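K.L.:
Listed below are the residues making up each chain.
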Amino acid sequence: MLSLSIYKELPGFTLDAAWEAGDEVVALFGASGAGKTLTLQCLAGLARPDRGRIVVNDTVFFDAATGTSIPSRRRRLGYVFQGYALFPHLSVAENVAYGLHDRGREERRRRTAEMLDRLGLTALAERRPRELSGGQQQRVALGRALAVDPELLLLDEPLSALDAPLRRQLRAELMGVLREWGKATVLVTHDLAEAFQLADRVVIYDEGRIVQVAPKSELLLRPASELVARLLGIRNILQGTVVKATPEIIELSWRGYVLEAINSPTRGYLPSPGTPVAFFIRPEYVRLIRKDRPGPDPGHHMNRMEGSVVREVDQGTNWTLLVRLDHAGEPAQGDYDLEIEVPKLVYEMLEIARDRRWAISMHRGSIQVLPAA
Amino acid sequence: MDPFPVLLSFQVSLVATLLTLLLGLPVAWVLARRRFPGHDLVEAAVVLPLVLPPTVLGYYLLVVIGARGPVGQLLGALGIELAFTWRAAVLAACVGSVALLVKAAQAGFESVDRRLEQAARTLGRSEWNIFWSITLPLSWRAVFAGTVLAFCRALGDFGITLMVAGSIPGLTQTMPLAIYDYVQANQMREANLLSLVAVATALLFLLGLGRLARLRF
Numbered sequence: 005m006l007s008l009s010i011y012k013e014l015p016g017f018t019l020d021a022a023w024e025a026g027d028e029v030v031a032l033f034g035a036s037g038a039g040k041t042l043t044l045q046c047l048a049g050l051a052r053p054d055r056g057r058i059v060v061n062d063t064v065f066f067d068a069a070t071g072t073s074i075p076s077r078r079r080r081l082g083y084v085f086q087g088y089a090l091f092p093h094l095s096v097a098e099n100v101a102y103g104l105h106d107r108g109r110e111e112r113r114r115r116t117a118e119m120l121d122r123l124g125l126t127a128l129a130e131r132r133p134r135e136l137s138g139g140q141q142q143r144v145a146l147g148r149a150l151a152v153d154p155e156l157l158l159l160d161e162p163l164s165a166l167d168a169p170l171r172r173q174l175r176a177e178l179m180g181v182l183r184e185w186g187k188a189t190v191l192v193t194h195d196l197a198e199a200f201q202l203a204d205r206v207v208i209y210d211e212g213r214i215v216q217v218a219p220k221s222e223l224l225l226r227p228a229s230e231l232v233a234r235l236l237g238i239r240n241i242l243q244g245t246v247v248k249a250t251p252e253i254i255e256l257s258w259r260g261y262v263l264e265a266i267n268s269p270t271r272g273y274l275p276s277p278g279t280p281v282a283f284f285i286r287p288e289y290v291r292l293i294r295k296d297r298p299g300p301d302p303g304h305h306m307n308r309m310e311g312s313v314v315r316e317v318d319q320g321t322n323w324t325l326l327v328r329l330d331h332a333g334e335p336a337q338g339d340y341d342l343e344i345e346v347p348k349l350v351y352e353m354l355e356i357a358r359d360r361r362w363a364i365s366m367h368r369g370s371i372q373v374l375p376a377a
Numbered sequence: 012m013d014p015f016p017v018l019l020s021f022q023v024s025l026v027a028t029l030l031t032l033l034l035g036l037p038v039a040w041v042l043a044r045r046r047f048p049g050h051d052l053v054e055a056a057v058v059l060p061l062v063l064p065p066t067v068l069g070y071y072l073l074v075v076i077g078a079r080g081p082v083g084q085l086l087g088a089l090g091i092e093l094a095f096t097w098r099a100a101v102l103a104a105c106v107g108s109v110a111l112l113v114k115a116a117q118a119g120f121e122s123v124d125r126r127l128e129q130a131a132r133t134l135g136r137s138e139w140n141i142f143w144s145i146t147l148p149l150s151w152r153a154v155f156a157g158t159v160l161a162f163c164r165a166l167g168d169f170g171i172t173l174m175v176a177g178s179i180p181g182l183t184q185t186m187p188l189a190i191y192d193y194v195q196a197n198q199m200r201e202a203n204l205l206s207l208v209a210v211a212t213a214l215l216f217l218l219g220l221g222r223l224a225r226l227r228f
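If you're matching them up, the sequences are chains A and B in order.
If you're matching positions, the first sequence starts at 5 in the numbering used here and goes up one per residue.
If you're matching positions, the second sequence starts at 12 in the numbering used here and goes up one per residue.
For the record, the hints were derived by calculation from the structure and aren't laboratory data.
Computed from a prediction, not measured in an experiment: that's the story for all the values here.
All clues stand as given, with none of them false.
Far from chain A, some chain B residues (derived; all Cβ distances over 12 Å):
{"hint": "1", "residue": "L33"}
{"hint": "2", "residue": "Y70"}
{"hint": "3", "residue": "G83"}
{"hint": "4", "residue": "A88"}
{"hint": "5", "residue": "L160"}
{"hint": "6", "residue": "F169"}
{"hint": "7", "residue": "M199"}
Stretches of chain B that chain A covers, calculated by requiring three or more beta carbons in the stretch to come under 8 Å of a beta carbon on chain A:
{"hint": "8", "segment": "129 to 138"}
{"hint": "9", "segment": "144 to 152"}
A virtual CB, placed ideally from N, CA and C, is assigned to each residue, including glycine.
Model the full structure from these sequences, guided by the hints.
P.N.:
Dropping the structure here:
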């Protein structure tokens with residue numbers, strides 16, 4: 005269990021963050037300079053908040069109200085630093101054993117050997133950090149942090165120093181280690197894929213503030229605001245106007261069409277008509293209507309529109325089509341209105357390279373309305 | 012030639028260097044790792060002996076440790092005499108050389124990545140322990156270089172020593188003072204010999220320093 009509320013002012017930057025988490029992996033996601041690492045340092049006792057309270061597993065790490073602040077060395081944490089911060093003058097084994105100084109000689113030897121074995125580092129035990137590859141260094145840093153059997157594991161951009169192919173491999177490896185370990189873990193990352201693969205819960209930071217805390221399964225489906233959607237790199241974020249809102253349905257006017265979207269039952273968001281709102285539809289959820297197979301009835305295709313492909317981008321396994329609607333007026337995203345993603349096979353079967361005019365539809369469940377931040 | 016001044020100089024410099032390390036390392040660490048009001052003032056005060064005339068330093072030191080100075084009175088009450096003994100020469104050498112050690116060690120400590128010390132902190136080590144296991148092993152070259160420079164400077168001190176320890180042959184007369192006396196008495200052969208000893212010693216130390224700095228551990 006981890007509960008944290010911190011306020012800290014630095015020259016030109018203010019961190020004001022509060023969130024909670026269970027025995028799970030929490031990813032702090034956001035751009036560089038958003039306050040993620042500072043949060044980690046406050047958790048570790050390496051930085052001191054001006055105000056606030058930090059409680060980990062019923063231990064009060066910090067409480068400004070009572071002046072409590074447990075020093076870093078008594079917080080029992082494993083901290084994997086960005087760039088790893090391995091001790092360059094010590095061997096791999098000595099690095100891993102460094103936190104075990106207060107155990108008996110026998111236990112220290114046993115635990116070190118165990119940890120080296122678990123991370124596949126036994127053969128490298130006598131090497132110095134500078135003789136290791138990036139991936140090996142990452143494992144040593146993890147081993148050094150886990151060797152002390154910490155109450156809380158903190159990882160600061162654990163994979164960002166690595167090349168892309170290695171990063172994918174180590175991400176899977178790291179996930180295995182974290183699952184096995186099973187205690188509270190806080191992971192700082194600016195890589196959304198990393199957050200999604202490794203974490204159970206995502207805390208989104210923006211300029212020192214928390215803009216959303218959500219289980220990762222909810223995040224892409226229900227970003228709390230347009231800002232979150234943009235931070236998440238969601239495409240097709242569009243601006244419309246509310247025509248009608250009921251607890252079930254929100255009708256939006258956009259580019260001369262009236263679109264129907266399902267209102268989130270949990271949110272109960274009821275903006276009055278005329279309110280400008282942002283909404284998005286994921287590019288892979290926009291449907292092309294096949295000309296060879298018309299729908300069973302005219303009402304089958306919801307939110308039907310027509311337009312033509314102005315450009316396309318080969319993504320390898322998919323094609324991204326940039327479509328401009330037929331309606332007059334300024335296109336929503338530069339020279340196009342919608343981004344549509346289709347699998348390569350579909351692109352070829354429908355002969356999209358040749359056939360540029362398409363009718364499209366969007367299921368009302370795929371249109372996500374974003375409350376104003 | 013009387014070997015006394017050479018032996019005394021080495022004894023004084025050795026003790027002075029130990030004392031310098033004892034006092035200088037904590038100061039260097041605090042300057043490198045802590046921010047506090049008056050930080051810059053302390054830093055300037057540490058360097059001051061390098062730029063002040065030795066006679067000024069000697070004068071102030073004498074004011075403090077002389078028979079009527081605060082420290083002198085305190086020690087006098089305990090039956091310990093300081094001014095115009097070889098111990099005063101140690102203090103003089105210390106005052107003259109401590110800045111060299113502090114500046115070198117401070118630069119060395121500052122060059123150690125702070126995150127290494129932070130990592131050590133999260134791994135349960137105390138600040139004292141971190142200094143010995145991380146900071147010093149990663150900066151020993153700079154500390155060692157500072158120590159050698161401080162030793163050589165202590166060996167060569169003239170002005171401060173003369174002010175607080177005098178130049179009593181067979182008692183407080185160190186090598187540089189003896190050279191001065193020989194020259195005054197027109198005993199050029201002796202002056203020449205002692206000067207050669209001083210040059211050779213310094214050269215030897217500096218050569219050894221260069222050799223050690225290239226070693227990898």
